[in-house]
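Student: Residue numbers (this note's numbering), protein chains in the order written: chain A, 959 to 1498; chain B, 857 to 1227; chain C, 198 to 483.
Read the hints as simulated data drawn from the structure, not as lab findings. Treat the hints with caution; some may be incorrect.
Unchecked claim - Below, computed lysine-lysine pairings styled on DSBU-like, alpha-carbon distance capped at 35 Å: (1) A:K1380 / A:K1443; (2) C:K372 / C:K448; (3) A:K1450 / B:K901; (4) C:K228 / C:K210; (5) A:K977 / C:K210; (6) A:K977 / C:K228; (7) C:K454 / C:K210; (8) C:K454 / C:K375; (9) A:K1443 / C:K210; (10) A:K977 / A:K1450; (11) C:K375 / C:K260; (12) C:K260 / C:K448; (13) C:K210 / C:K448; (14) C:K260 / C:K210; (15) C:K448 / C:K373; (16) B:K901 / A:K1443; (17) C:K373 / C:K260; (18) C:K375 / C:K448; (19) C:K260 / A:K977; (20) B:K901 / A:K1380; (21) A:K1443 / A:K977; (22) C:K454 / C:K260; (23) C:K373 / C:K454; (24) B:K986 / C:K228.
Remember, it's a predicted structure, so these values are computed and weren't measured experimentally.
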Amino acid sequence: MTATTAHDEHHHEQPTGLKRWLYTTNHKEIGTLYLFFSLAMFFIGGAMALVIRAELFVPGLQVVNPEFFNQMTTMHALVMIFGAVMPAFVGLANWMVPLMVGAPDMALPRMNNWSFWILPFAFLILLSTLFMPSGAPASGWTLYPPLSLQGGNSFAFVIFAIHLMGISSIMGAINIIATILNMRAPGMTLLRMPLFVWTWLITAFLLIAGMPVLAGAVTMLLTDRFFGTSFFDAAGGGDPVMYQHIFWFFGHPEVYIMILPAFGIVSEIIPTFSRKPLFGYTSMVYATASIAFLSFIVWAHHMFTVGMPLGGALFFMYATMVIAVPTGIKVFNWVATMWRGSMTFETPMLFALGFVILFTIGGLSGVMLAIVPADFQYHDTYFVVAHFHYVLVTGAIFAIMAAAYYWIPKWTGYMYDERLGKIHFWCSTISVNVLFFPQHYLGLAGMPRRIPDYGVQFAEFNMISSIGGFAFGFSQLIFLWIVIKCVRGGEKATDQVWEGARGLEWTVPSPAPLHTFDTPPIVDDRVAAHSESLNAESRP
Amino acid sequence: DNMRPGVTPFSQSVYEVHMFVLIIVSIIGVLVFAAMFTSMILHRKSRGAEAAQFSHSTKAEVIWTVIPILILIVMAVPATIVLIEMEDTSGAEMNIKVTGYQWLWRYEYLEDELDFYSALDRDSNYARQKGSTLSPYEVDNYLLEVDNRVVLPTDTRIRFLLTADDVIHSWWVPDLGWKRDAIPGMINEAWTEITEPGIYRGQCAELCGKDHGFMPIVIEAVLPEEYRAWVAGMKQDSIASESEVERLWSRDELMAHGETIYQAQCATCHQIDGSGMQPAFPALANSEVVTGEIEAHIDLVMNGRDGTAMAAFGQRLQPQDIAAALTYTRNSFGNATGDMIQPAQIDHLQQATASPIESEGGLASVEASAP
Amino acid sequence: MAQGTYYVPHTAKWPIVGSVGLFVLVSGFAKWMNGSDLGPWMAIAGAAIVITMLFGWFAEVIKESESGLYSNQVDASFRQGMIWFIFSEVMFFAAFFGALFYARIFAVPWLGGEGTGVMTNELLYPGYLAVWPTNGPENIGGDFQTIGAFELPMINTLILLLSGATITMAHVALKKLKRNALVFWMIATVALGALFLGLQMYEYVHAYRDLGLTLGSGIYGSTFFMLTGFHGLHVTVGSIMLIVITLRCVKGHFEPKNHFAFEAVAWYWHFVDVVWLVLFVFVYVL
Ligand code: HEA
Ligand code: HEA
Ligand code: CUA
Ligand SMILES: [Cu+2]
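One chain only, chain A, in its complex shape (with noise of 0.2 Å):
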């Protein structure tokens, strides 16, 4: 796309090169920023996701020492959830918010260079840790102490790495924030907005609440390994669960900022190809307040066996079980949309529907998982590694796909090569189930997570689901090159791209301008992606 936007007429003279995306102000340049860095980040996570099946492909240690392999677990997570999907989501956000409210640009262009620019020397920091005397952090992304405060030289670095991280993504946020509060054209009212802005609104307080948190639990690591603090040691009155409660107040928020914007995403996708609007769009908008609500009450769901008191336990289990039905009933609206439409599959499609079959069984998990005495069993089991893969790869990856593909030509101006695209899609759904489907079964077989070697009775589901991993892995060189293609050119895309697609971004011109809507559209009922008249009646 670089090759596109650089030729764009209507403009004051450019820096160039290597300057231009240093300095650029430009949403749709940053925008693009963000998509390559996570997609560069997605390979080297996925890279270490493979060192970690390439060892459990059969019992016993052959190709990495213990202590290697928690550096590469632990790395694995942090560079995908931070680095791979956050990333990928922001930048969707940059490409897509400005031209899906007919905004000029994000309300604060240089600071949302920076958030940009700040990335990449956080990751420079993190992953330069592997090659410390001491070695990458190996205690979970969790980072819990004691543990983690045992690590090496590295352990600082990482704090600070994660501290970049925070300062990116909450800015990032503001900057989303105040876009759409504040940069909605004429007519664009909140009713009217596409449902990909509602959920990044949701996603954004969710982001400015919770890093925030993170931050804090990450600096009292910090402290109490260096300054003599005592926040996470019973002797002096503190106690390392405390630090489990902080964390998770963040990390569970977390994983909905990793799917909100992916149900936006799909809530796009399936309406477009069903040539049918939107089912329950307002009641689509109450759902994700509620769940983004939610996630901030649930987070013990994560630590039922620290001990807890019953009474705690119980309102934990509860309040987790209740997000079920917001997420169901966005789930019931997706088939509702589907059903009596008229539909094509093109490979847009294809990933959003994936993302509905395959996130739903995650979901489901999630819920067995939130039955507190299953969770005795289940806890730091592979079915917990099951449940997160299903909701983060096939959930969240999926969405990001199926929101390339259904993008990229009003990026590039080109289609993309839709045989490979089904190619893709096709490799990597069945692919990824053979991956994790089993892991299901060896957590309730009884194979804790986090463990680089294993009974011979696991043996059998190991291989198999390592087999998956290596195809998985390698399907996504087809997605590169598909990618790599369509950015140098192919069969010239139309404005309107898709003949069901409604809303703003479709009316500017394929490749959408460095610069658009300099002056604000009027919108209506006709342009916009859901117009209120449909809405009315959707009130409940």
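Position chains B and C with the ligands against the provided structure of chain A, taking the given hints into account.
Tutor: Same frame as chain A, but now just chains B and C with the ligands:
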């Protein structure tokens, strides 16, 4: 493989709850997917489907808000009942204090005053080494066998008091139906009542560092009378080892015993040949400490080094074990200090620094608390 | 909503400077903590870069603002930005208050044998009584005394409240365009802020030297110094921002209708003020 029903009343009910919920969510899944596929098949453009334009139906939305709520309530009820039953740790006939260490378990039978450590068995430990010649398949119960099993009486209400010495561990035997975190500086309570004699295996379930995957738990549940016999036997052995501590050991004895201890306790980090794993696990071959003055060396081994994985073996091993291991390391891997450390020396130091945990106060107060 | 066109700077070179600065700064800190001699110098260098960036960046924004490039909409965006930034700060403090409450309501009582802590107390800490303040069953950091709420802290509270009033006076003066009054009240506010910091310093020295109360004094010392410390840090930042604003007032910046920078700093100052009140109640009084 599905979850195992287990061998305690609690594990049974957990299994039932699990199956109940599993079936419900499976049904939900099937229904949702069925609806999707029907729609995908019937309402595709290629079959000339015309898009309807409805975008809302309050009735439908109310239905699929209310029904899930009801389903959730149905699931919550049994869950709540089982949980309440589990949380009641009163009426214990027997208390066992379990302490997690990096990377083994310590068991203190508070009433029967037994106290021993339980670590990964030798064969597994050998086979698990990277590039080991022994294949996991040749070891029976690979990674799920220990040197000293936890022998428990059946049909007895046993309360476990779980804690840890260094980092958080989690004590998990699937057949008992639960896991509980062992947290340093805190004590967690959980109970069980095993109904069938047998051998039940589990693992540490909270990441606790490099050998988290290698600190299994093996329970041997026997009839109460057999249990009493076992206790008696253990008492004999400890008396025997008393005299072992008293007497003077010969160099060869120390070196021989030292090698065994070294391979069981130290080799995972410092390696069989004492070469260590830089930088986290220093080499013992001509290291300052090992070739330096004895006192410092003894102190390090007995009290560990903070902020590193070097644990305090002082209270963890028998005096003769520590003495032998010290002697062995000071005279192997090219270290030739010629020193000899006698068990009695170590025993002396141990008495000096006995931690309050096993002091009479601790035990006494437990009796007091037992309802 | 959007009237006319929205001002979008074409390029920004300060952000990348800021990123490099942060990178050097935190790497420096990390090295420092690992005991490298290079660390402190890197940290200082990094801090210098960040500060230069801040001044350069704001200078640019001020120039643009004074040359009237900004529409009301840009102003609104800035407001949004500041509001949510302050909110994120609130959440940061929330984490530490959360730690304080958790320790006082759960952790310490459990160690003392209440609720689920019965066996913890009997087996691990026989005889330990749960009282606040505490440095834990093992008397980490040695015996210490605490600082009475109604001595210096009380005075500090009054000082901050007063400074809240003076900055409001300044705002009023600005609205009425009474420049001299404006500058006077600003200087008063800055002075009060500085006084507060001075007294905090004194209190810390007193705590370390005479009371044996340190960052290492168990959970009490941890929560006490982290909360008051981070608050003090924010007061420092706030005071610096106040000084900048004061200078701008002297230069004759701001009009009655359009003076967002002033308000932003005022909001920030009130936020710091409120944090202190909560802190005074839960850290000193209770
Ligand atoms: C995108 C990320 C994401 C999402 C969306 C979720 C969604 C949910 N998660 Fe998950 N979770 C994680 C990421 C996520 N999780 C991660 C990363 C971990 C592990 C962290 C770590 O330890 O490293 C974790 C761990 C985790 C645990 C802790 C397990 C343990 O460690 O012991 C629990 C326990 O309650 C849980 C529950 C849930 C629930 C109830 C949902 C719900 O939101 C799901 C709701 C969805 C549905 C229920 C399906 C659709 C609904 C219907 C079809 C309606 C009808 C359904 C019913 C009536 C049941 N999750
Ligand atoms: C969004 C987050 C995300 C994503 C996308 C993934 C993706 C994957 N994860 Fe995940 N994983 C987590 C989040 C995620 N994971 C978290 C939070 C944990 C918990 C960590 C902890 O316990 O602390 C975890 C833990 C975890 C474990 C458990 C480790 C343990 O407990 O010890 C395993 C094991 O199988 C695993 C496997 C995988 C695999 C195979 C993929 C695959 O989807 C990856 C796909 C593969 C690729 C994309 C590879 C592409 C690369 C190539 C084809 C090779 C060429 C290489 C280059 C060009 C560099 N992960
Ligand atoms: Cu002990 Cu994991
Ligand atoms: Cu959660």
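Student: Run the distance test for C:K454 versus C:K260: straight-line Cα separation, threshold 35 Å.
Tutor: 18 Å, holds
Student: Check whether the Cα positions of A:K1443 and A:K977 lie no farther apart than 35 Å.
Tutor: 25 Å, holds
Student: Is A:K977 close enough to A:K1450, meaning Cα to Cα at most 35 Å?
Tutor: Distance ~29 Å between A:K977 and A:K1450 Cα, so the pair holds.
Student: Please work out if C:K260 and C:K448 have their alpha carbons no farther apart than 35 Å.
Tutor: 13 Å, holds
Student: Would the pair C:K375 and C:K260 pass a check requiring their Cα atoms to be no farther apart than 35 Å?
Tutor: 23 Å, holds
Student: Can you confirm whether the C-alpha distance between B:K986 and C:K228 stays at or below 35 Å?
Tutor: Given that 35 Å is the threshold and the Cα spacing comes to 33 Å, the pair holds.
Student: Given the hinted pair C:K448 and C:K373, is their Cα-Cα distance within 35 Å?
Tutor: With a Cα-Cα distance of about 17 Å, the restraint between C:K448 and C:K373 holds, given a limit of 35 Å.
Student: Assess, step by step, whether the Cα of B:K901 is no farther than 35 Å from the Cα of A:K1443, and give holds or violated.
Tutor: Within the cut-off at roughly 29 Å; holds.
Student: Within 35 Å, alpha carbon to alpha carbon, are C:K373 and C:K260?
Tutor: 24 Å, holds
Student: Holds or violated: are the alpha carbons of A:K1443 and C:K210 at most 35 Å from each other?
Tutor: The hint holds at about 32 Å.
Student: Check the hint pairing C:K373 with C:K454 against an upper bound of 35 Å on the C-alpha distance.
Tutor: Roughly 10 Å between the alpha carbons, so the hint for C:K373 and C:K454 holds.
Student: Please verify whether C:K260 and A:K977 have alpha carbons no more than 35 Å apart.
Tutor: 23 Å, holds
Taken one by one, the earlier hints all hold for this structure without exception.
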